[in-house]
Amino acid sequence: MRQSRRWLIGALVVVSAASMTGAVAYADLGGGVVPGHTVSTSVSGFAGLSDQNSDTFISLSVVSGQLSFRARGGGITRQDGTEVQISASTIDNLFGFGCWLTPASVVTVNQDLSATLTFDSSAPGVTPCPGQPVAPGLSAAPAMTNINTAQGLRAPIVISAQWTPSYSLDERHVVADTTCNVSVLTASGPRVQSFRATDNQDTKDQSSAAVATVTNLTLQGFDPTTGQVIVEVPLTGTFDTTHGFADVATVTDNLVVNGPTAGTCGPFGS
Amino acid sequence: MLIKRLARTAALLGCLLVIGSSVPAGAAGGAITAGQIDGSGNYAFGQGYDPSTGIDFSVQIQTGLNTFRLHRPEQPLFTISANVLSANFDGPFPNLGFGCWLVPSSDFVVAPDLGARLTFDSSNPGVTECPGDPVGTPQTGAPTTVGPSGALQGITGPVQLNMTWVTSGPVITTRSTTKEACPPFTSIGTGTQQNANSTPSGSASAAFDGSGPFTAQFSGGYGSVTVFSGRTTINGPSTGRCGNFGS
Numbered sequence: 001m002r003q004s005r006r007w008l009i010g011a012l013v014v015v016s017a018a019s020m021t022g023a024v025a026y027a028d029l030g031g032g033v034v035p036g037h038t039v040s041t042s043v044s045g046f047a048g049l050s051d052q053n054s055d056t057f058i059s060l061s062v063v064s065g066q067l068s069f070r071a072r073g074g075g076i077t078r079q080d081g082t083e084v085q086i087s088a089s090t091i092d093n094l095f096g097f098g099c100w101l102t103p104a105s106v107v108t109v110n111q112d113l114s115a116t117l118t119f120d121s122s123a124p125g126v127t128p129c130p131g132q133p134v135a136p137g138l139s140a141a142p143a144m145t146n147i148n149t150a151q152g153l154r155a156p157i158v159i160s161a162q163w164t165p166s167y168s169l170d171e172r173h174v175v176a177d178t179t180c181n182v183s184v185l186t187a188s189g190p191r192v193q194s195f196r197a198t199d200n201q202d203t204k205d206q207s208s209a210a211v212a213t214v215t216n217l218t219l220q221g222f223d224p225t226t227g228q229v230i231v232e233v234p235l236t237g238t239f240d241t242t243h244g245f246a247d248v249a250t251v252t253d254n255l256v257v258n259g260p261t262a263g264t265c266g267p268f269g270s
Numbered sequence: 001m002l003i004k005r006l007a008r009t010a011a012l013l014g015c016l017l018v019i020g021s022s023v024p025a026g027a028a029g030g031a032i033t034a035g036q037i038d039g040s041g042n043y044a045f046g047q048g049y050d051p052s053t054g055i056d057f058s059v060q061i062q063t064g065l066n067t068f069r070l071h072r073p074e075q076p077l078f079t080i081s082a083n084v085l086s087a088n089f090d091g092p093f094p095n096l097g098f099g100c101w102l103v104p105s106s107d108f109v110v111a112p113d114l115g116a117r118l119t120f121d122s123s124n125p126g127v128t129e130c131p132g133d134p135v136g137t138p139q140t141g142a143p144t145t146v147g148p149s150g151a152l153q154g155i156t157g158p159v160q161l162n163m164t165w166v167t168s169g170p171v172i173t174t175r176s177t178t179k180e181a182c183p184p185f186t187s188i189g190t191g192t193q194q195n196a197n198s199t200p201s202g203s204a205s206a207a208f209d210g211s212g213p214f215t216a217q218f219s220g221g222y223g224s225v226t227v228f229s230g231r232t233t234i235n236g237p238s239t240g241r242c243g244n245f246g247s
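Protein sequences appear in the order of chains V and G.
So for the first sequence, this note's numbering puts the first residue at 1; every next one is plus one.
So for the second sequence, this note's numbering puts the first residue at 1; every next one is plus one.
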């Protein structure tokens, strides 16, 4: 049981590219989807990595595009930007996680969906995420990290990674038509208020091999043996996907929303 | 260690194939192969905070076809009919834990108005840990992923959850058509989702590694419930794989 857990935790999927390529849907993330025409593109990379002995695990996720966060006990906020999430664990179940907003320059994604990440949590322009990251865009499932914005990691964290394409490219085109109707009271009586959205979403998902160089990363937590005192375990070195997995994806949404300029219905309106 | 891990995974997968309620044509043996898939299921998310314990917890559950990324090198994605529950418990530092289980159908019930009820005990017969990370099965018209991880970490059992979702917003309907090309496979499918916001309430009990048992209660958090169905036709050879196609 323990061995299985040790391995599984090493592959903690934060917001994997695969999780972002599902059917388009609209959950009520607090409104904000207003009538008009928008085209947006997001890029993402994920890597589940381990060291040569498979007893230390790191997962990296980077997303650049529209980001969504949920404050503890609060609502959803959206913003454009670049987000880096890192989790790490040891074979004896010490675990840490962190999420940061970063300058876009930390990640480079090339035409063939190879990619590089250069991250330093102490660099100018790097700040903690404003809440729990949830799935980007308008995905129905929160697909969240479901843990705090940072826990069990001692700053600074310095890490770089490269993704190299492998296997076939998975391309998906989704046309999604979404409606939301709500009855509202007006001076002349009840009236149905309707919103409708048509989204053409194109996804390219490239399986990859990845390698990361960890220059500085320290885990903090209960001593796995005694369960009593706080310990710190530095993790440095080279990690790769020999026993893991990685991918890089781009998602483009071409969204047309029709509806009234006032009022709300689910995710629609302002 | 690797051999033990593989043996355990193989044994677990054997069990899953037995308990899978109905493996549709085109998804036999854990792989989505050429043919037609008819998928349907439910999805719910709920999050709450207990100020008396300082514990924030969230739950996601998805029924129907679920695809997992197994933690073995070079292995294809694995798709089965199962009910997947992912739960997270975030307490005062350093208390943090989460888990993922396959649960009996009777644990999760969705009403026609998209209200729902969950009753879960990880020690019950028929409950097993997830075989990998759930990554969603878009070919069935399902929402994206159930949870971030298939791991069980930081908590010890039994984990017990009792939750209800009361619909609090309008029903949002999405109809979609998906075309996919993942050589040598192609697919085309249609899906329908109905989703509504809801107010979750309930209780959770488990124990954090290192600091003992807890019970958290909450009401008035954020939640949503979705029902979905889809039909996808997959074209491709009998061998080879790409994404969650093939074996």
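In case anyone wonders, no lab produced these hints; they're calculated from the structure.
Keep in mind the model is a prediction, meaning the values are calculated, not measured.
One or more of the hints may lead you astray.
To be verified - List of simulated lysine to aspartate or glutamate pairs, EDC-like, C-alpha gap at most 16 Å:
id	chain 1	residue 1	chain 2	residue 2
1	G	Lys179	V	Glu171
2	G	Lys179	V	Asp177
3	G	Lys179	V	Asp120
4	V	Lys204	V	Asp80
5	V	Lys204	V	Glu171
As the list claims (entries may be wrong) - If you want the ones that stay clear, here's a sample from chain V, every Cβ over 10 Å from chain G, calculated:
id	residue
6	Val39
7	Ser160
8	Val174
9	Thr179
10	Val182
11	Gly221
C-beta: ideal position from N, C-alpha, C; glycine also.
Do the hints match the structure? See the list:
For a cut-off of 16 Å, the pair hint linking Lys179 (chain G) to Glu171 (chain V) stands: about 8 Å separates their Cα positions. At most 16 Å may separate the alpha-carbon atoms for a hinted pair to count; Lys179 (chain G) and Asp177 (chain V) meet this at roughly 15 Å. The straight-line distance between the Cα atoms of Lys179 (chain G) and Asp120 (chain V) is roughly 39 Å, outside the 16 Å bound, and the hint therefore fails. Using a Cα cut-off of 16 Å, the hinted pair Lys204 (chain V) and Asp80 (chain V) is violated, with the two alpha carbons roughly 20 Å apart.
A hinted pair counts as satisfied when its Cα atoms are at most 16 Å apart, and Lys204 (chain V) with Glu171 (chain V) qualifies at roughly 5 Å. Every beta carbon of chain G lies more than 10 Å from that of Val39 (chain V), the smallest distance being close to 18 Å; the non-interface claim holds. In this structure Ser160 (chain V) is separated from chain G by more than 10 Å, as the shortest Cβ-Cβ distance comes to about 23 Å. The claim that Val174 (chain V) lies off the interface is violated: its Cβ sits roughly 5 Å from the closest Cβ of chain G, which falls inside the 10 Å cut-off.
Not every CB of chain G lies more than 10 Å from the CB of Thr179 (chain V), the least distance being 5 Å, so the non-interface label is violated. Chain G draws Val182 (chain V) into its interface by the beta-carbon criterion, the shortest separation being 4 Å against a cut-off of 10 Å. Distance check for Gly221 (chain V) against chain G: the nearest CB is about 5 Å away, which does not clear 10 Å, and the non-interface claim fails.
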